[in-house]
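Asks: Position in the sequence shown (from 1) plus 43 gives the number in this note's numbering.
It is worth saying that the hints were derived from the structure and are not from the lab. Being a predicted model, the structure only gives us computed values, none of them experimental. Virtual Cβ for every residue (Gly too), placed ideally from N, Cα, C. A hint or two may mislead.
Once the Cα atoms are required to be at most 20 Å apart in a straight line, the calculated SDA-like pairs of lysine to any residue come out as [to be verified]:
1) K94 to R160
2) K262 to D162
3) K75 to Y111
4) K171 to K75
5) K72 to R160
6) K72 to S140
7) K75 to T89
8) K70 to H83
Distance windows between CB atoms, simulated [to be verified]:
9) G98 to A167: 47 to 57 Å
10) E152 to L128: 46 to 56 Å
11) R333 to D108: 57 to 67 Å
12) G354 to R160: 17 to 27 Å
13) G73 to A95: 16 to 26 Å
14) E137 to K72: 22 to 32 Å
15) P163 to R64: 25 to 35 Å
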Amino acid sequence: MFVVRSKDGELRAFYNVCMHRGHELVKDKGNKVVITCPYHAWSYDTEGKLKAAGGSDDVKNFDYDEFYLSPVRVDTLLNMVFINLDDDAAPVSEVYSGLEDEIRGVMHEFDDLKLVRTDPYEFAANWKFIFDAMECYHCPVIHPEVMGENTYVELSFEITGHERWALHLIRGNRDVISGKTEGSVPYDLRADQKYLDTYIWWMWPNLYLVIHQGDPNFKVLFGMPKDAENSWETVDNFFTNDPPTETDISNMDNFRDLVQPQDIPPMEAQQRGVHSLGYTQGRLMVDDERTWRSEHGVHHFNKLCWEAVNGGGNYEIDTGETSS
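Go ahead and model the full structure; you've got the sequences and the hints to work with.
Replies: Here it is, written out as structure tokens:
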């Protein structure tokens, strides 16, 4: 599939296939007002209508109006483009109701963000393990730099849950950031910078939207399956500074060179472990106070996965809770 902006300003998405003999139409991103098939040069406008087909004058009853590119439903949210194969699905603004207002309320510079770098990853684990990490129970063990005494993050991890999205708020330690405790801050944080907390919004099923501590910044983490045992992930890094500052670059590099190398090996080890005959059913650590250790975010994600696979029904997992 591909997405274009038509002359009328509307975004449109189409299946990437010529209506003549099924050849792919486009391969790379670009800017075109005419989409021409590289096989027999059938040409379409950006609204999907066939405009030229060589030799059609010699073909009896050839009707250009019978040939349109097959459309795909397209929608937008937070300047992101979504395509949906289900014409009857609810719009993204309804599915993720309240999300755009919340993010724009936190980041007033949102429309000034510019894509600076995309970091790709590939790892040997099912894509769902990326989003099974919606907890900070693992943080003191896997990310010791960001948890505990004299670190730049307080022992605080709050999840505000909605049906199809959630906010994970990791509060910054103001005393440490102001005092610049040596070794505690992985990149140039200052008490006068705008964002002293880290905001992580999860969108069902496979998106994270992140504002890290520091100057205005935004990350989009997109996880996708390669197969049942392997996954891809891309991290798009956005900043308002143009060109990006040294702090911006350090922000990106910290996530790529520190956080991701810490997160990926446990996911791969978990993928191997769930195949063991010795593993049956674990226990999610969900507590009533929803403390930073609580795995209620994981529970909710697993519930949605269950419902998607089984068409609803009663979801039970050992947390001391039952969801239906």
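Asks: Against each hint, give a clear statement of whether it holds in the structure.
Replies: Outcome of the hint check:
Between K94 and R160 the alpha-carbon distance is near 37 Å, which puts this suggested pair outside the 20 Å criterion. Restraint check: the Cα-Cα separation between K262 and D162 comes to about 10 Å, which is no more than 20 Å; the hinted pair holds. As the CA atoms of K75 and Y111 are separated by approximately 17 Å, the hinted pair is consistent with the 20 Å bound. Between K171 and K75 the CA atoms are separated by roughly 37 Å; this puts the pair beyond 20 Å, and the hint is violated.
Straight-line distance between C-alpha atoms of K72 and R160 comes to about 16 Å, which keeps the hinted pair within the 20 Å bound. Simply put, K72 and S140 have alpha-carbon atoms about 30 Å apart, too far for the 20 Å limit, and the pair is violated. Restraint check: the Cα-Cα separation between K75 and T89 comes to about 8 Å, which is no more than 20 Å; the hinted pair holds. Between K70 and H83 the alpha-carbon distance is near 16 Å, which keeps this suggested pair within the 20 Å criterion.
Between G98 and A167 the beta carbon distance is about 51 Å. The supplied range of 47 to 57 Å therefore holds. With their beta carbons about 34 Å apart, E152 and L128 fall outside the hinted range of 46 to 56 Å. Judged by the Cβ atoms, the range 57 to 67 Å given for R333 and D108 holds: they are separated by roughly 58 Å. The given range of 17 to 27 Å is broken by G354 and R160, whose C-beta atoms sit roughly 40 Å from each other.
Range check, G73 to A95: about 19 Å between beta-carbon atoms, so the 16 to 26 Å window is met. Checked against the given bound of 22 to 32 Å, the beta carbons of E137 and K72, roughly 29 Å apart, stay inside it. For P163 and R64, the Cβ-Cβ distance of about 33 Å falls inside the hinted range of 25 to 35 Å, so the restraint holds.
Going through the hint list in order, the structure does not satisfy hints 1, 4, 6, 10, 12.
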